[in-house]
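Participant: For reference, the chains in residue letters:
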Amino acid sequence: MLRQITDQVKRIDVNPFPGADILSVSQFDRPRLEWLFARALEMQDMVKRDGGSDLLRHKLMVALFYEPSTRTSSSFIAAMERLGGSTVPITQGVQYSSVSKGESLPDTVRTLEQYSDVIVLRHPEIGSARIAADYCRKPIINAGDGAGEHPTQALLDLFTIQKELGRIDKLRIAMVGDLKYGRTVHSLTRLLLQYDVELAFVSPELVRLPLDLMNEVRKSGISVEETYHVADVISWADVLYVTRVQKERFSDLSQYEEIKNFYEITPEIMAQAQEQMIVMHPLPRVGEIAYSVDNDPRAAYFRQMENGMYIRMAILAAVLGKL
Amino acid sequence: MLRQITDQVKRIDVNPFPGADILSVSQFDRPRLEWLFARALEMQDMVKRDGGSDLLRHKLMVALFYEPSTRTSSSFIAAMERLGGSTVPITQGVQYSSVSKGESLPDTVRTLEQYSDVIVLRHPEIGSARIAADYCRKPIINAGDGAGEHPTQALLDLFTIQKELGRIDKLRIAMVGDLKYGRTVHSLTRLLLQYDVELAFVSPELVRLPLDLMNEVRKSGISVEETYHVADVISWADVLYVTRVQKERFSDLSQYEEIKNFYEITPEIMAQAQEQMIVMHPLPRVGEIAYSVDNDPRAAYFRQMENGMYIRMAILAAVLGKL
Amino acid sequence: MLRQITDQVKRIDVNPFPGADILSVSQFDRPRLEWLFARALEMQDMVKRDGGSDLLRHKLMVALFYEPSTRTSSSFIAAMERLGGSTVPITQGVQYSSVSKGESLPDTVRTLEQYSDVIVLRHPEIGSARIAADYCRKPIINAGDGAGEHPTQALLDLFTIQKELGRIDKLRIAMVGDLKYGRTVHSLTRLLLQYDVELAFVSPELVRLPLDLMNEVRKSGISVEETYHVADVISWADVLYVTRVQKERFSDLSQYEEIKNFYEITPEIMAQAQEQMIVMHPLPRVGEIAYSVDNDPRAAYFRQMENGMYIRMAILAAVLGKL
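Protein sequence lines correspond, in order, to chains W, E and L. Just so it is clear: in the first sequence, position 199 is 198 by numbering that gives the first Met the number 0, and no numbers are missing. Just so it is clear: in the second sequence, position 307 is 306 by numbering that gives the first Met the number 0, and no numbers are missing. Just so it is clear: in the third sequence, position 92 is 91 by numbering that gives the first Met the number 0, and no numbers are missing.
A portion of the hints provided could be inaccurate.
Note that the list lumps identical chains together, so a pair holds whenever it fits in one copy or between two copies.
[As the list claims (entries may be wrong)] Using 25 Å as the maximum straight-line C-alpha spacing, the simulated SDA-like pairs for lysine to any residue come out as follows: (1) 321 / 109; (2) 246 / 105; (3) 162 / 109; (4) 321 / 43; (5) 321 / 45; (6) 47 / 134; (7) 162 / 136; (8) 218 / 33; (9) 47 / 136; (10) 179 / 247; (11) 259 / 104; (12) 47 / 18; (13) 179 / 102; (14) 9 / 221.
These are calculated hints, taken from the structure and not from any lab test.
Please model the entire structure based on the sequences and the hints provided.
Facilitator: Structure (structure tokens):
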């Protein structure tokens, strides 16, 4: 069934996010996504041309990371710096400091908002970004709240698909690996429900997509398949979105050893894939994709990281009202 | 006895601090305080209007924190960045690094001064800022030297009183909580001795104001009271300066549990306070002030944090000779 | 034998390093050294005059430190900031973060190069900088790879000699202390082989210069001596390059206690030195040079730190193609 989605999409010309918190992918309908991706492309053009700009000059971002995440914090800091803004990193070591010694998250963000214009928050507890936003007058950007959301990751994933393949509608997208605990898979899947795509979910039995999300997918009318084997989808997929299956999920390690090879992307597997397709991974990888795949032009995972900076530049400029 | 203090105050028009170390509140007489507060107000106006400036462009501040203090280091970094300067944070983890592996503090500051224009130092040992300043040709700003001083905290406290209530003379100021170990209380009290104020000290017996400081207060001719109960001062006070009573000070925990409620600021307590008064706290708090007080317009503790940035901007610009 | 080296030196007028990795001192012949030192002097003039510039505006440096090294990371960050560039420090705590949890160094640098223009890398394993450079399209600057190299340290050492004494040819240079494990001694010695100098190596038997390096020195035709005692070289030397003899190298601690005094530089020792000579040390020191020597104008070790910033400014601007 071809869903009539495209007509619903109205173009947005005005920044929909000034002063907004960015907490969840549910804030992004198609017009907002398209508006954001257009801005991210402009950021990319500007960086390629000039390296940076002064758009966020005299704006200050606090990166408040209760858990270390070099990749995400670096990407946000680079995004802010390339727009001429200032950054105060509170990372690696929050655990030693007053912000964790009995002080509540609301007090911490209410203190930091006195100095800053926007707070990027990583916190191990689900719902923490929502709580922070309830207490903070400045925009909060959720950079991961435990098993909750990590919206800029899902946005950069979708932006990568759009950029690499020129569209999202009509694509066949396979999610591979840990679909049960993989926060990125859940958020990206929810965003994709707004598009006319076909989905396949490839995972060991133990880490299948949660039932409630699968029901959401089914109810949306999207064509969907589940399978245990990458081999079943490799020649079909336009996008192979790979995630790590964590050894720790298996009580029986022999079971893990037995199945993990079904999920490793190798040059042999890639030989069966289409010529125009991409392999994505949120990184870090630990063996899910062979290094020998890296030079394949279809390996998009490092370009995906680059896109993350452009998406975060667009998000920062948007919530700070500078677009 | 009304003390004739006001006549002594001469206006200063020229920056008294170019190249100076900021080590102690004893460096601040009334003319210098008033000069500094005028500059801090200008910083506030500038930040509200423009977000930042280029006053300290091409100046570099090192934040050398041997103890973590997110609040203080963030405030200094934000202050420097908003003035267009650069920052090198050496925080959270100094303990792992060469600066603590046997290297002396003098060698560390003499190394860092080669790269930088000003050093903000937090160190657990009393007197360390003085030692650093003796060896360093660049200005040292003491951001806390153990049980010693933390002058910018006392300055921001006094600035907050001035800003919130329009004056310092003639105010009734109650200090509440741990008055024995509370460095901020000691420094603020010493600054207040230059003004025509009335003081009250409210604490459990175990953590009363040290005798030598109480004698200083008494000798100054200021009207002073001591009491065990907030209830005794709540309707009298123009300023309630609350600090934490640390459980660790009590060998008998039942004693702590018994008394701590006398010191919690609740909406019920606030109902007895004047309409024009403020509640202050150096933060972080751990239960001394109920969250339900936060929306009371008299709750000044988050505005106090904001003022810290303006004071530190003024201090940085002053010692770097840019005012 | 006086070697005819000077004629070989041709002047370079064009930046030889745009886009280059800086991995080893072997990349620096005399023309390149002289070109670099001229640029470093320009950096010094600019810093003394203006504090900084905008030469590297909109350029972004990642400082990726798998081992803490406050001194080196601060120096690089200050260098980048003084040139108007941006910095993302990934220091102190990489061990807690995804970049060390099983992720390979190649993946980490390939991720970080997506955000940045140059990566400064400190890593405990010899050869790691080479590996990083093989995978990274952006310049890698080796800031120490274990027992391998730390080229900017050797460059700043040589630059200091040139600046302090006006030349390198015809100088008598004594290396003192741990000559076996001291990476800085090895790299500086290799650079000096390009000049017409005389060398002396002063160390306990246990930590003498490795045989292969000594053979390199001998083969070069340079005049070279070895001795156990500083006293043997003190009146002869134009440069005394002192390093720490680490207690941990000695299984018999009494042996260490016995000899360490032969290597301490005191005012008494300095009384025997020439009037025009310098004492250098890569710092941190732990007793090798008495504090009472610090005010001797021949004590060059803090000026050496300052020179490090100028050398790193020149290196950063060079590899980023801005000279």
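Participant: Regarding residue 179 and residue 102, is the shortest C-alpha distance of 25 Å or less found within a copy, between copies, in both, or in neither?
Facilitator: between (33 Å within a copy, 22 Å between copies)
Participant: Measure nothing new, just compare the shortest in-copy and cross-copy C-alpha distances for residue 47 and residue 136 to 25 Å and report within, between, both or neither.
Facilitator: between (34 Å within a copy, 15 Å between copies)
Participant: Can you give me the call for residue 47 and residue 134, within, between, both or neither, at a CA distance of at most 25 Å?
Facilitator: The answer is between: 21 Å across copies meets 25 Å, while 38 Å in one copy does not.
Participant: Checking an output row: residue 218 and residue 33, CA cutoff 25 Å. Within, between, both or neither?
Facilitator: within (24 Å within a copy, 68 Å between copies)
Participant: Quick one: residue 179 to residue 247, C-alpha cut-off 25 Å, is that within a copy, between copies, both, or neither?
Facilitator: Cα proximity of residue 179 and residue 247: one copy only (13 Å, versus 44 Å across).
Participant: With identical chains, the pair residue 321 and residue 109 could be close in the same copy or across copies; at 25 Å between alpha carbons, which is it: within, between, both, or neither?
Facilitator: within (23 Å within a copy, 31 Å between copies)
Participant: Should residue 246 paired with residue 105 be assigned to within, between, both, or neither, using CA atoms and 25 Å as the limit?
Facilitator: between (36 Å within a copy, 23 Å between copies)
Participant: What label fits residue 162 with residue 136 when the C-alpha limit is 25 Å: within, between, both, or neither?
Facilitator: between (34 Å within a copy, 22 Å between copies)
Participant: Since the copies are identical, ignore which copy is meant and state whether residue 9 and residue 221 lie within 25 Å (CA to CA) inside a copy, between copies, both or neither.
Facilitator: For residue 9 and residue 221, the Cα distance is within 25 Å only inside one copy (21 Å; across copies 70 Å).
Participant: When Cα atoms must be at most 25 Å apart, do residue 162 and residue 109 count as within-copy, between-copy, both, or neither?
Facilitator: Classified as between; 20 Å across copies, 38 Å inside a copy.
Participant: Is it within a copy, between copies, both, or neither that the alpha carbon of residue 259 lies no farther than 25 Å from that of residue 104?
Facilitator: For residue 259 and residue 104, the Cα distance is within 25 Å only across copies (23 Å; inside one copy 39 Å).
Participant: Can you give me the call for residue 47 and residue 18, within, between, both or neither, at a CA distance of at most 25 Å?
Facilitator: So residue 47 and residue 18 pass the 25 Å test across copies only (16 Å; inside, 28 Å).
Consistency note: the structure conflicts with none of the earlier hints.
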